[in-house]
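Asker: First to last, the protein sequences are chains A and B.
For the first sequence, position 126 matches number 126 in our numbering, and the numbering has no gaps at all.
For the second sequence, position 6 matches number 6 in our numbering, and the numbering has no gaps at all.
Keep in mind that a hint or two might mislead.
As the list claims (entries may be wrong) - The calculated lysine-lysine pairs, modelled on DSBU-like cross-linking and capped at a C-alpha distance of 35 angstroms, are: (1) A/LYS58 with A/LYS116; (2) A/LYS2 with B/LYS3; (3) A/LYS58 with B/LYS32; (4) A/LYS58 with B/LYS26; (5) A/LYS8 with A/LYS72; (6) A/LYS19 with A/LYS124; (7) A/LYS72 with B/LYS26; (8) A/LYS19 with B/LYS26; (9) B/LYS26 with A/LYS43; (10) A/LYS2 with A/LYS124; (11) A/LYS43 with A/LYS72; (12) B/LYS38 with B/LYS26; (13) A/LYS124 with A/LYS43; (14) B/LYS38 with A/LYS116; (15) B/LYS32 with A/LYS72; (16) A/LYS116 with B/LYS3; (17) B/LYS38 with B/LYS3; (18) B/LYS3 with A/LYS72; (19) A/LYS2 with B/LYS38; (20) B/LYS3 with A/LYS8; (21) B/LYS32 with A/LYS19.
Said to hold, decoys possible - In silico contact screen, one side only, chain B against chain A (beta carbon under 8 angstroms); selected entries: (22) GLY15; (23) GLY65; (24) SER75; (25) GLY77.
Simulated from the structure, these hints should not be mistaken for lab results.
Beta carbons: idealized from backbone N, C-alpha and C, even for Gly.
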Amino acid sequence: MKFYEISKEPINVQAVIDKVVQREAGAITTFIGTVRELTHGRKTLFLIYEAYEAMAVKKLEQIGAEIEQRWKGSRAAITHRVGRLDITDVAVVIAVSTPHRADAYEANRYAIERIKEIVPIWKKEHWEDGEEWVGNQLETVAYPNGKPEAGDLHE
Amino acid sequence: MNKVLFFAHLRDAVGEESLEVEAGGKTVAELKAELAGKYDLPRLETVMTAINEEFAANDEVIQDGDVIAFIPPVSGG
């Protein structure tokens, strides 16, 4: 079973959840990231997600390993979609199971924040009045050392 | 020889998904500077680099045959 995947097809949410079912678990949390229509009042028509697939899978696996190390007894599965996505389409599904519910929420939150830091996936917004790769234009993120620093968590 | 991969806005700027370059013995920073000059690449200070699918620092030295990828700030999720 592949716990960490990049998918060109629509994600089957239940299939991702099923991967983390375990007898020791008392909770499974699921995060479903969807394509939003309005960002700061600007209307998105659709998105294109692109991945450096081989590395993206490795980085998802790394996030999973970090989670399983930090939250004892946890199991994680993540699938991220690529290609063209329309408004309300599912872009990412993260499922985490743990013995107790607090850890399942916390670990799932950790996964999405880490995806936004280290997994080589990009989205191109197509608006009514133009298109733009997100994440590169605002210059809000700098990597003076050329790579992400460990432990930073951003909103 | 080394394969250099480009993604997102860098791919648009270069006009290619990848290039073959002679980068063995150069640091990541040196290769960045060289390609920035040649292709007029925007905002390379915010671009991360991977060598063989693992993040690499600017002072890391590239070996012949390494696959290099320039990774703009990511926006998955």
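Asker: State for each hint whether it applies.
Answerer: Here is what the structure says about each hint:
no.: 1; hint: A/LYS58 with A/LYS116; result: holds (15 angstroms)
no.: 2; hint: A/LYS2 with B/LYS3; result: holds (28 angstroms)
no.: 3; hint: A/LYS58 with B/LYS32; result: holds (24 angstroms)
no.: 4; hint: A/LYS58 with B/LYS26; result: holds (26 angstroms)
no.: 5; hint: A/LYS8 with A/LYS72; result: holds (32 angstroms)
no.: 6; hint: A/LYS19 with A/LYS124; result: holds (30 angstroms)
no.: 7; hint: A/LYS72 with B/LYS26; result: violated (42 angstroms)
no.: 8; hint: A/LYS19 with B/LYS26; result: violated (43 angstroms)
no.: 9; hint: B/LYS26 with A/LYS43; result: violated (44 angstroms)
no.: 10; hint: A/LYS2 with A/LYS124; result: holds (27 angstroms)
no.: 11; hint: A/LYS43 with A/LYS72; result: violated (42 angstroms)
no.: 12; hint: B/LYS38 with B/LYS26; result: holds (16 angstroms)
no.: 13; hint: A/LYS124 with A/LYS43; result: holds (13 angstroms)
no.: 14; hint: B/LYS38 with A/LYS116; result: holds (30 angstroms)
no.: 15; hint: B/LYS32 with A/LYS72; result: violated (41 angstroms)
no.: 16; hint: A/LYS116 with B/LYS3; result: holds (26 angstroms)
no.: 17; hint: B/LYS38 with B/LYS3; result: holds (16 angstroms)
no.: 18; hint: B/LYS3 with A/LYS72; result: violated (40 angstroms)
no.: 19; hint: A/LYS2 with B/LYS38; result: violated (41 angstroms)
no.: 20; hint: B/LYS3 with A/LYS8; result: holds (25 angstroms)
no.: 21; hint: B/LYS32 with A/LYS19; result: violated (41 angstroms)
no.: 22; hint: GLY15; result: violated (15 angstroms)
no.: 23; hint: GLY65; result: violated (16 angstroms)
no.: 24; hint: SER75; result: holds (3 angstroms)
no.: 25; hint: GLY77; result: holds (5 angstroms)
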